[in-house]
Amino acid sequence: MKTLTGKYIRMKREQLQYDWEKAKRMKVCYLFLLPYALLFFTFFILPICTSIYYSFTNYNILEPPKFVGMQNYINLVLQDEVFLTAVRNTLVIAVITGPVGYILSFLFAWFINELPRWLRTLAVVVFYAPSIAGNAFYIFSIIFRGDAYGYLNSFLLDMALIDAPKLWLTDPNYMLTVIVIVILWMSMGTGFLSFVAGLQGVDRSMYEAGYVDGIRNRWQELYYITLPSMKPMLLFGAVMSITSAFNVCDVPRALAGYPSTDYAARTIVTHLFDYGFSRFEMGYASAIATVLFLLMILCNKAIQSMLRKVGT
Amino acid sequence: MSMNTAPNKPAKKTRGDILHEQMVLRGEIVENKEPVSHKKFIIVSAIIMLLLIAVVVVSFVRVDAIESAALQGLEAPEDAAYASIYMVGKVAGIVLGAGYLFYALIHVLAPKRRKPNRSFWGDLGIYLMLCVVAVAMAFPLVFSVASSLKPLDELFRFPPKVFPQHVTLDNFSDLFVTLSQSYVPFSRYLVNTVFITFIGTFGHVVIASMAAFVLAKYDFPGGKTFFSIVVTALMFSGYVTGIPNYVIMSKLNMIDTYWAVILPAFAAPIGLFLMKQFMEGLPDALIEAAHLDGAGELRIFWSIVLPNVKPAWLTIIIFSVQSLWNTNAATVIYSESKKTLVYALQQIQAGGVARTGQAAAVTVIVMLVPITIFILSQSNILETMASSGLKD
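Protein chains in written order, with the numbering used here: chain A, 1 to 312; chain B, 1001 to 1392.
Simulated coverage check for chain A against chain B, where a stretch passes if three residues somewhere in it have a Cβ under 8 Å from a Cβ of chain B:
#	region
1	23-32
2	36-43
3	196-203
4	264-275
5	279-289
6	292-305
Listed next, the stretches of chain A that the computed footprint assigns to chain B, with coverage defined by at least 3 CB atoms under 8 Å from CB atoms of chain B:
#	region
7	117-126
8	132-143
9	147-159
Partial selection, computed: residues in chain B whose CB lies under 8 Å from chain A:
#	residue
10	M1210
11	Y1239
12	P1244
13	L1382
14	S1388
Rather than coming from a laboratory, the hints here were simulated on the basis of the structure.
Yeah, the Cβ is synthetic: ideal placement off N, Cα and C, and Gly gets one too.
Isolated chain B, as found in the complex (with noise of 0.2 Å):
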């Protein structure tokens, strides 16, 4: 499998472009010829953002004016006149947000060439519900972190608002006081997280890339059973294996240490077969000139081979953080002191009503670490999963 991920186009005319003219000439596709005017598209998405900000502003004074009523003990000013500027500016706000949004599309879409077998109407249809979709996957994240701003009052308040009107940082330095009261100093279960997700990551990047040499680059008796295997081993869930592991792990004499959640990660199928099915894209040339060389195995695997593998071995080192980092461990794991972070902060999010708002700081924490490292790493990432698919 190629991987032209960022696909450079040459200056000379390819196939596409000399289909493309005589399909022109032909009147299959009529090209938009006429120059956009990007000056008439900033008027009007200026004109429209100064109208949502007045819809804002106006629905804002409303707000104040019944907040402040509440506060004088008085009735709030229910008139007819408020409600209806209300509801005008809440389809106003709907109606010019779709409507700008429909027209920004146009406005991307209409100047392109359009390629063959894409329909104006088509792509405009996909792209409208690609933003809605991605709207509704977004919405529970972002109440998460809009929660987690929340003062506690606002936490409770009815009817509930998705978004906090006073931001405040109190959930956070709640959590810490509440960690720093813990019978296991917080430190401490930070320090056993970052050493099982450090060790566990180092170990399973070396064990599994040396393994996925092998198997990529020499055929041996026994490498293809041994791949399929692996492969299949993917579907197992820590929870298929969970009972028969802690029966293992105690035969081991592994129970209660960090070894019992750290050697299992070193032989995650995951990285294992992506590592694999990446290095499979290397030249064979390139080992080969090294046999000429005179380089051991050894010597090719450090030297050339993993320099040549970065996005993979970087894809795996994401996936085992990911997954390590994530771990409570709880089932082979007893000692307080020997608890991973996750673990201690789900027991402050199970506390009940009375640690609401440091639970939604919890689960904030939690998720922004792997997110970030997603984000800082998508392209490798990306570069890696282009190799990922399973020939048959």
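Here chain A stands alone, though its shape is the one from the complex (with noise of 0.2 Å):
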């Protein structure tokens, strides 16, 4: 036992004696990599490592933070029954719009990817606009709004299949429906983009292989070859699509109201900028932020894993 730690302590001395002497040939790449690594520090790793240290104290910006361990976490659960609500809408938002859009950006990628090239130009810039629309989603307060003038209103009135106009926007009932529909408008972002590159540098001589192997449909197609090979940027959707599903924020707070009717449109990071930015109350929200941050890296591992077994 004693000499295979020894051998093992050996190797890994060689090993780093191995990289430092390379190391120093390559001086001149770490220098290259220096100014965006020092901003890439400042800015991404050294917020996430204070979010965490302010998490376990209870800091207000005016006094120093006071440790105070896990408190901010079990107060979290057992106290803020607001927090739970956001959590529970925040994943009922996330479990739909994170592998609907997915999905969907995907499907409607491989559609568009036979057209001729004009039509599938016009047909990227008329799916990828809503995404990049800035905020162009308050259009639909006015579609959604709750008096007869809202046009869905109107129209369903016109239409006699309700009697009165719906809050669409105030009834808890209704808001997160219209909140996930609008998600979903805006879902197809830089994975969609993403895939309809990939789907155009897919091999084509693979489908004539598959041809002569006895694929007979476009889906069996599309399972044994297509998405095979589409692994990459599949990957890369789906790390984009976790993020925009889980932060949801701008959305229900422009169109539910922040806060919103029982807080029925409250999401983790509507929670967190209530305590961070209006309570001031930075530990509680650091520790909202480091539950979040869990939870996106968590479903990024188990997608990937279950990416791993697409085609095979």
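If you follow the hints, you should be able to join the two separate chains into one complex; please do so.
In structure tokens:
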């Protein structure tokens, strides 16, 4: 046992020494990396670390942080009912818009793949535009307006499907549905572009080989040839859709109000905003951010292991 | 990943062509040998267009009749004949439109050589669905443009109409009046946003491509680990890092300066990620040859790598411009004279019912910039995205 550990330590040391020599030889590489690494560390890594640190303290910016152990997390789960609502809403939104948005992005990218070039360009613009249109989702507050002037209400009244206008954005029963629809509308983002581009790059001779090997329809072709060769883009798209599915904030704030009726449209991020920038309980807000961050990392790991199984 | 986004078919027969011929001979594919008559198609199109125009004219006449009656204080001529014409027109319009779409699709699909594994009805179904979904996706955007062109009385009209009856640019001119009366002149907001966008994007491109170059082309200790951390950071949104970022900014004395927005933008992970993936597609031989010729790393980076990754830096410029253009930076910038354009516009938008028309105009202005940039550069962006895959 002792010799084995000794051997391991010696091996590690040699590896380190080798790396060090290599690093010295390639110091110009580090020079190139330095400006980015410095900024990246300061504005992306340091915040995450400090956020984890603050989550164990009581901090209100004015006084120095006071260490309180797990108290923030305990309060989060046991005392804060609104947080549990927020988690539930975020999960509902994420579970629906994440996978559905992801699958829809891929399916539409695949459908438009065989269109003639100019039509494909047009389709890409039409599908991608909502996700970059700034705050164009404000228009949904007119479409879903609660009185009879709202477009949806007026349409439904006209068709005699309802007999009184529905409060789409203030009634807790409808709020989440409306938000999910709006987020799905905006879900064809960077991942969608990646799919469109990736599908164009799939090796065409694979399809011919597939035909010879007995693939008989487009769905078999999709599962056995297209999906496996698209795996890298699928992984990238998964990261992108997790990011957008969990960080829902602007849409519920703009449409359902902030705070919304009965907190029915509160998400983890709006909860974080509430504590961070309205009540200045930075420690508590950091605990919320940490929970959100862990959720996202876990989700990403789960999806990666799922995607590895595709087409095999 | 190869980047054959625009495959030019060579003149000689590919394996696919040979395969196709064999399949035709075996009777597995029925080739459509009949020449398609474009004449017939054009005639049918013309007839249907005429009918559609007729339907539209009839319905407008009807609307005018009601409006002029209302103006003269008379009761609208609600007789059965008018109503039935109106209904017939509506139904006929829908049926004709749908039928024409169907016909056009068949015309587009039929003469083509069918690819293996693609059934005609499957293609038709998919294209029809694509049309429907595309209309649904485009509707809210079209609707926002349409409402920004409506005069005030039409914005509050009941029952509401999607398209304006009297197109006007009043909302935009009102918006400029409001902006010119603001506490800080409008041009100041514009200058702030342009400054932030320009400096932020420029620095981001330089810094991120320097890092991407060494990460993609040199194997040095720590490089792979660093890149995997950057990939994880793709998931950090501004919200999660917002609070500690504020604290860090205040420690660095950068609250209420442009740098609080610009410096984090320099290190945006998505730019480094896309750039690195694209640079990996450059042949190693190119860089080795330059090494043999005695060029240093800086020289290689500047005069060999950068000119060859034009699509990638165009793409990250566009992504960076999009995100910086849309920042309102309200959490780190407090003085009114340093606020961004989007912030000012959102304030107008939040002005309530009295500013409904201006709010619609704001939405259109804010959304037009990124969409226009995307349309102009979409081929470069797609070329870059082709190498965006994550290898695990």
